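Construct the complete structure from the given sequences, taking the supplied hints into account.
Chain by chain, the residues:
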Amino acid sequence: GQQLNQSPQSMFIQEGEDVSMNCTSSSIFNTWLWYKQDPGEGPVLLIALYKAGELTSNGRLTAQFGITRKDSFLNISASIPSDVGIYFCAGVMDSNYQLIWGAGTKLIIKP
Amino acid sequence: EAEVAQSPRYKITEKSQAVAFWCDPISGHATLYWYRQILGQGPELLVQFQDESVVDDSQLPKDRFSAERLKGVDSTLKIQPAELGDSAMYLCASSLGQGLRAFFGQGTRLTVV
Chain A
67 GQQLNQSPQS
77 MFIQEGEDVS
87 MNCTSSSIFN
97 TWLWYKQDPG
107 EGPVLLIALY
117 KAGELTSNGR
127 LTAQFGITRK
137 DSFLNISASI
147 PSDVGIYFCA
157 GVMDSNYQLI
167 WGAGTKLIIK
177 P
Chain B
10 EAEVAQSPRY
20 KITEKSQAVA
30 FWCDPISGHA
40 TLYWYRQILG
50 QGPELLVQFQ
60 DESVVDDSQL
70 PKDRFSAERL
80 KGVDSTLKIQ
90 PAELGDSAMY
100 LCASSLGQGL
110 RAFFGQGTRL
120 TVV
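Sequences listed follow chains A and B, in order.
Numbering of the first sequence is given in the numbering used here, commencing with residue 67 and proceeding in unit increments.
Numbering of the second sequence is given in the numbering used here, commencing with residue 10 and proceeding in unit increments.
These are computed hints drawn from the structure, not numbers from a lab.
Note that the structure is predicted; figures quoted are calculated from it, not measured.
Beta carbons are placed, not taken as given, at the ideal position from N, Cα and C, and that holds for glycine.
The reader is advised that the hints may include incorrect statements.
Quick partial rundown of chain A residues pointing at chain B, CB under 7 Å, derived from the structure [claimed, not checked]:
| # | residue |
| --- | --- |
| 1 | Leu99 |
| 2 | Glu107 |
| 3 | Gly108 |
| 4 | Pro109 |
| 5 | Leu111 |
| 6 | Ala114 |
| 7 | Phe154 |
| 8 | Val158 |
| 9 | Tyr163 |
| 10 | Ala169 |
| 11 | Gly170 |
Some residues of chain B that are not near chain A, with every Cβ distance over 10 Å (derived) [as the list claims (entries may be wrong)]:
| # | residue |
| --- | --- |
| 12 | Ser62 |
| 13 | Ser75 |
| 14 | Ser96 |
If you want the ones that stay clear, here's a sample from chain B, every Cβ over 12 Å from chain A, calculated [as the list claims (entries may be wrong)]:
| # | residue |
| --- | --- |
| 15 | Glu23 |
| 16 | Asp60 |
| 17 | Leu79 |
| 18 | Glu92 |
See the structure below:
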């Protein structure tokens with residue numbers, strides 16, 4: 067089936083560092099969603115993007131809808147311990163409105 | 010803030026037994042999703058409802074899994090008989106409509122022994 071390529075798979079960072087992750091595909095999307103999932107919990111919606119080129123922030127998080135409509139980026143500035151978790155991108159395909167998921171980026175903060 | 014409610018949070022069952030999960034979506038949300046998530050992987054869509062109708066169940070193992078949303082509100086996902094490989098997190102999500110942002114419940118962690 068359709069897939070989103072999410073990278074990196076995992077990241078080890080120091081507290082205070084900025085973090086970047088992205089999702090790419092060969093398909094065109096009309097919506098991009100970024101979620102965070104803590105262990106044993108359901109994913110929590112962080113940011114929703116609806117237009118190509120759109121840049122949206124939620125606190126220290128900023129996400130962008132790529133101009134080609136085939137990719138999206140999530141940045142976290144000045145990371146803190148509670149940012150640890152798995153971040154998922156999900157895109158709504160333009161062709162059939164199906165919601166497609168990335169495999170996740172696991173964020174780990176070095177002690 | 011409105012939430013998607015799921016129960017139970019945890020379920021341990023023996024293989025070959027029947028198990029059922031319940032989901033109550035956010036009020037007014039027409040679209041309801043059931044996902045299965047294996048540890049370390051992203052959610053995998055099992056079934057999607059639009060009101061009471063199934064719009065996508067292509068990944069639902071229909072020999073043992075069934076889902077219903079009789080009145081277009083809450084939904085039940087059933088597994089009969091459960092197999093060891095069914096151990097996973099089962100997530101329910103809802104959205105106002107297809108293709109709109111989806112909100113998740115806390116999930117049901119199933120362990121089949």
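**Item:** Given as non-interface: Leu79(B), which should sit over 12 Å from chain A by C-beta
**Value:** holds (24 Å)
**Request:** Against chain B, run the beta carbon of Ala114(A) and see if the smallest gap drops under 7 Å.
**Result:** Ala114(A) check passes; min Cβ-Cβ to chain B is 5 Å, inside 7 Å.
**Message:** Can you verify the interface hint for Ala169(A): is its Cβ closer than 7 Å to any Cβ in chain B?
**Reply:** With a closest approach of 5 Å, the Ala169(A) hint holds.
**Message:** Does Ser62(B) clear chain A by more than 10 Å, comparing its Cβ with all Cβ atoms of that chain?
**Reply:** holds (15 Å)
**Request:** Determine whether the non-interface label on Ser75(B) survives the test: each CB of chain A must be over 10 Å from its CB.
**Result:** holds (22 Å)
**Request:** Please verify that hint: Phe154(A), Cβ, nearest Cβ of chain B, below 7 Å or not.
**Result:** OK, holds: Phe154(A) within 7 Å of chain B, min 6 Å.
**Asked** Once the shortest beta carbon distance from Pro109(A) to chain B is found, is it less than 7 Å?
**Response** holds (5 Å)
**Request:** With chain B as the partner, please determine if Gly170(A) meets the hint condition of a C-beta pair closer than 7 Å.
**Result:** holds (5 Å)
**Request:** Just double-check Glu92(B) for me: nearest Cβ-Cβ distance to chain A has to come out over 12 Å.
**Result:** Consistent with the label, Glu92(B) stays out of reach of chain A, its closest Cβ about 22 Å off (over 12 Å).
**Message:** Hint Tyr163(A) vs chain B: min CB-CB distance below 7 Å?
**Reply:** Given a least distance of 4 Å, the restraint on Tyr163(A) holds.
**Message:** Holds or violated: the hint that Gly108(A) contacts chain B, with Cβ atoms closer than 7 Å.
**Reply:** Holds - the Cβ of Gly108(A) comes within 7 Å of chain B, reaching about 4 Å at its closest.
**Prompt:** Is it the case that Ser96(B) keeps its Cβ farther than 10 Å from each residue Cβ in chain A?
**Reply:** holds (14 Å)
In summary, the structure agrees with every hint in the numbered list given earlier.
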